[in-house]
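Q: For reference, the chains in residue letters:
2 protein chains.
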Amino acid sequence: MDEATSVDAETTEQPSPGTPMAWGGIDLGGTKIESVVIDSTGAVLGRTRHTTPGDGNAADVVQAMYGALLEASRAAGLTPQRLAGVGVGAPGSVDAAAGTLAHVSNVGQGWTEPYPVAADLGDLTGGRVVLGNDVQVAVAAEYRLGAGRPYRSVLGVWWGTGVGGGLVLDRVPWRGRGSAGEIGHVVVKPGGARCGCGRRGCMEAYAGRAAMERKARKAVRKGEKTILFELMQRKGRPRLTSSIWDKALREEDSLATWLIDRAVRMLGAGMASAINLLDVEAIILGGGLGTRLGPEYARRIHEAMRPHIFVPERQPPVLMAELGELSGAIGAALLAGPPAK
Amino acid sequence: MDEATSVDAETTEQPSPGTPMAWGGIDLGGTKIESVVIDSTGAVLGRTRHTTPGDGNAADVVQAMYGALLEASRAAGLTPQRLAGVGVGAPGSVDAAAGTLAHVSNVGQGWTEPYPVAADLGDLTGGRVVLGNDVQVAVAAEYRLGAGRPYRSVLGVWWGTGVGGGLVLDRVPWRGRGSAGEIGHVVVKPGGARCGCGRRGCMEAYAGRAAMERKARKAVRKGEKTILFELMQRKGRPRLTSSIWDKALREEDSLATWLIDRAVRMLGAGMASAINLLDVEAIILGGGLGTRLGPEYARRIHEAMRPHIFVPERQPPVLMAELGELSGAIGAALLAGPPAK
Numbered sequence: 000m001d002e003a004t005s006v007d008a009e010t011t012e013q014p015s016p017g018t019p020m021a022w023g024g025i026d027l028g029g030t031k032i033e034s035v036v037i038d039s040t041g042a043v044l045g046r047t048r049h050t051t052p053g054d055g056n057a058a059d060v061v062q063a064m065y066g067a068l069l070e071a072s073r074a075a076g077l078t079p080q081r082l083a084g085v086g087v088g089a090p091g092s093v094d095a096a097a098g099t100l101a102h103v104s105n106v107g108q109g110w111t112e113p114y115p116v117a118a119d120l121g122d123l124t125g126g127r128v129v130l131g132n133d134v135q136v137a138v139a140a141e142y143r144l145g146a147g148r149p150y151r152s153v154l155g156v157w158w159g160t161g162v163g164g165g166l167v168l169d170r171v172p173w174r175g176r177g178s179a180g181e182i183g184h185v186v187v188k189p190g191g192a193r194c195g196c197g198r199r200g201c202m203e204a205y206a207g208r209a210a211m212e213r214k215a216r217k218a219v220r221k222g223e224k225t226i227l228f229e230l231m232q233r234k235g236r237p238r239l240t241s242s243i244w245d246k247a248l249r250e251e252d253s254l255a256t257w258l259i260d261r262a263v264r265m266l267g268a269g270m271a272s273a274i275n276l277l278d279v280e281a282i283i284l285g286g287g288l289g290t291r292l293g294p295e296y297a298r299r300i301h302e303a304m305r306p307h308i309f310v311p312e313r314q315p316p317v318l319m320a321e322l323g324e325l326s327g328a329i330g331a332a333l334l335a336g337p338p339a340k
Numbered sequence: 000m001d002e003a004t005s006v007d008a009e010t011t012e013q014p015s016p017g018t019p020m021a022w023g024g025i026d027l028g029g030t031k032i033e034s035v036v037i038d039s040t041g042a043v044l045g046r047t048r049h050t051t052p053g054d055g056n057a058a059d060v061v062q063a064m065y066g067a068l069l070e071a072s073r074a075a076g077l078t079p080q081r082l083a084g085v086g087v088g089a090p091g092s093v094d095a096a097a098g099t100l101a102h103v104s105n106v107g108q109g110w111t112e113p114y115p116v117a118a119d120l121g122d123l124t125g126g127r128v129v130l131g132n133d134v135q136v137a138v139a140a141e142y143r144l145g146a147g148r149p150y151r152s153v154l155g156v157w158w159g160t161g162v163g164g165g166l167v168l169d170r171v172p173w174r175g176r177g178s179a180g181e182i183g184h185v186v187v188k189p190g191g192a193r194c195g196c197g198r199r200g201c202m203e204a205y206a207g208r209a210a211m212e213r214k215a216r217k218a219v220r221k222g223e224k225t226i227l228f229e230l231m232q233r234k235g236r237p238r239l240t241s242s243i244w245d246k247a248l249r250e251e252d253s254l255a256t257w258l259i260d261r262a263v264r265m266l267g268a269g270m271a272s273a274i275n276l277l278d279v280e281a282i283i284l285g286g287g288l289g290t291r292l293g294p295e296y297a298r299r300i301h302e303a304m305r306p307h308i309f310v311p312e313r314q315p316p317v318l319m320a321e322l323g324e325l326s327g328a329i330g331a332a333l334l335a336g337p338p339a340k
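Residue numbers (numbering that gives the first Met the number 0), protein chains in the order written: chain D, 0 to 340; chain R, 0 to 340.
Hints were generated in silico from the structure; no laboratory data involved. Please note: incorrect hints may appear among the correct ones.
Over the 12 Å line for every Cβ pair with chain R, so calculated as not near, a few chain D residues [what the hints assert, rightly or not]:
1. L44
2. G45
3. H49
4. A83
5. H102
6. G109
7. R174
8. G177
9. K188
10. R198
11. T256
12. N275
13. A303
14. M304
15. H307
16. E324
Rough simulated footprint, nothing fancy, chain R against chain D, three-plus residues with beta-carbon under 8 Å [what the hints assert, rightly or not]:
17. 28 to 35
18. 316 to 323
Heads up, the beta-carbon is just placed ideally off N, CA and C, and yes, glycines get one too.
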C-alpha cells in the first residue's frame, strides 16, 4: 500500500504539542471484538466491546474492528487518527511482516487466503497498524503489566475453546519463526484423541473447551447422563461456555467432572513437558476457562504437573492472569509501541 | 579457594608474546573422558581420550580429567597452565555459578552432594575452569562450528543412553534457570513406561538406549527371541551398545526393529511437541545412537514428526551432528571462552 494514498481528511488533525501519546489495541475474537486505548504506562484510557459480525467477510470484520477502536478512542477523548499506533491481536495465521491474516475459521464467515488487515485498517486510522497472534500479545501484556512482572521468563497458557500459549524468554517475547507457543498442540498421547486441528493426541484434544464439548455430546449420544446441556439450554447458549462448565463442576456433574479432571491431567503433562524443555520461572494461566475456573484449578494443574517435572525443586508457580479479558487488547496496543520501561 | 595458593611451579611458565591463545575442553562421560585443545577459530590443536576411572570418587575423576587435559595439551605443544581457560561438559546437576557438580550417577562411583569440580581442577591447571551441561555444550559446539551454523535457532537432540537436549534461541544458548533442554523428559504418554528418572511416560523411557535394553531383557525373560544379547556376548560388551543395535537392525532382528521403531515414533512425537512450542529453524541429531544410526534415521524421525507438526510448511530439517564424538569436548572449550566471530 502506498501510505500517501491512505491519508484521509482526518489525519490532518495533528495532536496538540501537549497531548500525551496514546496507542490503540484491538483483540479480535470469534464472538467479540475488544478494543482499548492506553497511555505509555499501559493504563487504559478508554475501552469498548463489540460483537463480531457473525456472517461478515474480512472487509466487514475490519470495519467492525475500526468501529470498536473509534468508540474506545472516543471514551479516551481522542480519535483513532490521533493514536501513535494501533495493534491487533488476532487468531489464525498472522504474517506480521506482510500485515496479513489468513486461515481464520471462527471470525465472521472465516477466510483462508491472506487478507491485508493492517493496510485496510491503516486506511481507516491513517496510521501504522501492526498484527500479532492473539494469545502471544495477551501473554506479553501479562508479562509487562500483569502476573509476569517479577520474572525474566514465563510461559502463558490460555485455556479456552482451544489451548493457546505464549512465551517470554529473557524479557523478550519468543515467537520462533512466527508460530511459537502452540502448547495446545504438544502431543500428550500419540495416536490419541482427534484434535480440532485434524491431528491426533494434542493436549487441546483433551483440554480445549470445544474438544470437551464434542466428547460430552458423544457421551450423551451413548446414553450418559449430564446436566451440561440442560444448563446450556436454560442459559440460551448454543455452546458449552466456561460458566456452564463451572456450574456443572459445582453441581458435581459426573461427566463434567471426568472431562475436566482428564483435561487437568493432560494440561499437567503438557505444561510439565514445556517446563522440562524450557525451565522458565513461572506459568501464567489465562483464557476463558482458565479465568473462570480460577485459582483452585491453577493449583490443581500445578499438582498435575508435579509427577512429570524433571527438576522437582524448580517447578514453577502457576499464576492466574491478572488483566482479565482486557489482556488481549492491551497486549495488542503494547505491540504497537509504548516502549518498555 | 584462594587462587594464590593454587599457583604451582608450572604456572610461572608464561606464554611467549607471539603464542596464539588456546582453550581446553573436557567432556566427562560414564565410560570415557574426551579432551581437546582448540584455538580461537575452534580448530582442534590436540585431543585425547581416557577411560573414566570405574570406581573412582569425585577427586579421582578430577585427577583423570586433568590427566586427559594434560595429554591433549601436550599434543597441542602446550601445558594446561598455558591455556586461556578450561571448560568442562558434565552429566548430572551442574551449578555453573558455584562451579559444582552433583547428582552424578554413571561416573566412577557416582556422587550426590555438590563437588567443587571447577575449584579442584583449577588448582591443577592454575587457571579458570567453567562447568556446563554435557549436552548443552555439545549443541552449542554444533551451533557455532557444525550443523547449526546457518541458523539463528536450533534444538539439539542427543540420542544415546538417555535422550538429552540443548537449545540455541536467537544465537544464544537457552538454559532457563540452568535445567532447560531436557527433551528426554517431555511426556509422550502420561502414566506410560517407567523412565530411568523414576517418572512415567517420558520420551526417554521409550527411546533411551538404557530403557530399550531394559525392555529387551524383559522381553527375553518372557521368551521372545532376539540376537541382541548374542551380539553383546560376541563383542564382549556388558551393555547393548549403539553398534549392537545397529547390527541387529541390519539383520532385521524383530525385537530390535520393534523397539527402535517405537523409539522413532516417540522421538517424532516429542520433537514435534518441541517444535510446536518453539518453532526453531532446525533440529540437530547427535548422541551415540543418533550418530551411529545416521542420516537414514534422521530422515525417519523427521517423518515421524510430520503428523504432529502444527504448521506443516514450517517443519524444520533434522540434520546430523557434524563434529562427531568431539562435539562435547569442543563445546566445553568454547564455554571457556573463544569469543564468537
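Q: All the hints need checking, so say for each whether the structure fits it.
A: Now for the hints, and whether the structure bears them out:
With a closest Cβ-Cβ approach of about 34 Å to chain R, L44/D is found to remain outside the 12 Å limit, as its non-interface label requires. Once the 12 Å rule is applied to beta carbons, G45/D is consistent with being away from chain R; the minimum gap is 35 Å. Distance check for H49/D against chain R: the nearest CB is about 30 Å away, which clears 12 Å, and the non-interface claim stands. With a minimum CB-CB distance of about 27 Å to chain R, A83/D clears the 12 Å threshold, and the non-interface call stands.
At the 12 Å boundary, the C-beta of H102/D falls inside the reach of chain R, the nearest C-beta of that chain being 10 Å off. At roughly 18 Å, the least C-beta separation between G109/D and chain R is larger than 12 Å, which holds for a residue marked as non-interface. With a least beta-carbon separation of about 7 Å from chain R, R174/D fails to lie farther than 12 Å from that chain, contradicting its non-interface assignment. Against the 12 Å criterion, G177/D falls within the reach of chain R, whose nearest CB is about 7 Å from its own CB.
With a cut of 12 Å on Cβ distances, K188/D falls inside the contact zone with chain R, its closest approach being about 6 Å. For R198/D, the requirement that its beta carbon stay farther than 12 Å from each beta carbon of chain R is not met, with the minimum near 6 Å. For T256/D, the non-interface assignment is confirmed: its Cβ lies about 18 Å from the closest Cβ of chain R, beyond the 12 Å cut-off. Annotated as non-interface, N275/D brings its C-beta within 12 Å of a C-beta of chain R; the closest such distance is 4 Å.
Its closest Cβ contact with chain R, about 9 Å, brings A303/D to no more than 12 Å, contrary to its assignment away from the interface. At roughly 10 Å, the least C-beta separation between M304/D and chain R is not larger than 12 Å, which violates its mark as non-interface. Look at H307/D: its CB is around 5 Å from the nearest CB on chain R, not clear of 12 Å, so calling it non-interface is violated. Its beta-carbon lying about 25 Å from the closest one in chain R, E324/D satisfies the requirement of being farther than 12 Å from that chain.
A count of 0 residues in the segment 28 to 35 of chain D with a Cβ less than 8 Å from any Cβ of chain R is obtained; the coverage claim is therefore unmet, three being the minimum. For a cut-off of 8 Å, the count of residues in the segment 316 to 323 of chain D with a CB near a CB of chain R stands at 0, and the three-residue condition is violated.
In terms of the numbered hints stated before, the structure departs from hints 5, 7, 8, 9, 10, 12, 13, 14, 15, 17 and 18, listed from lowest to highest.
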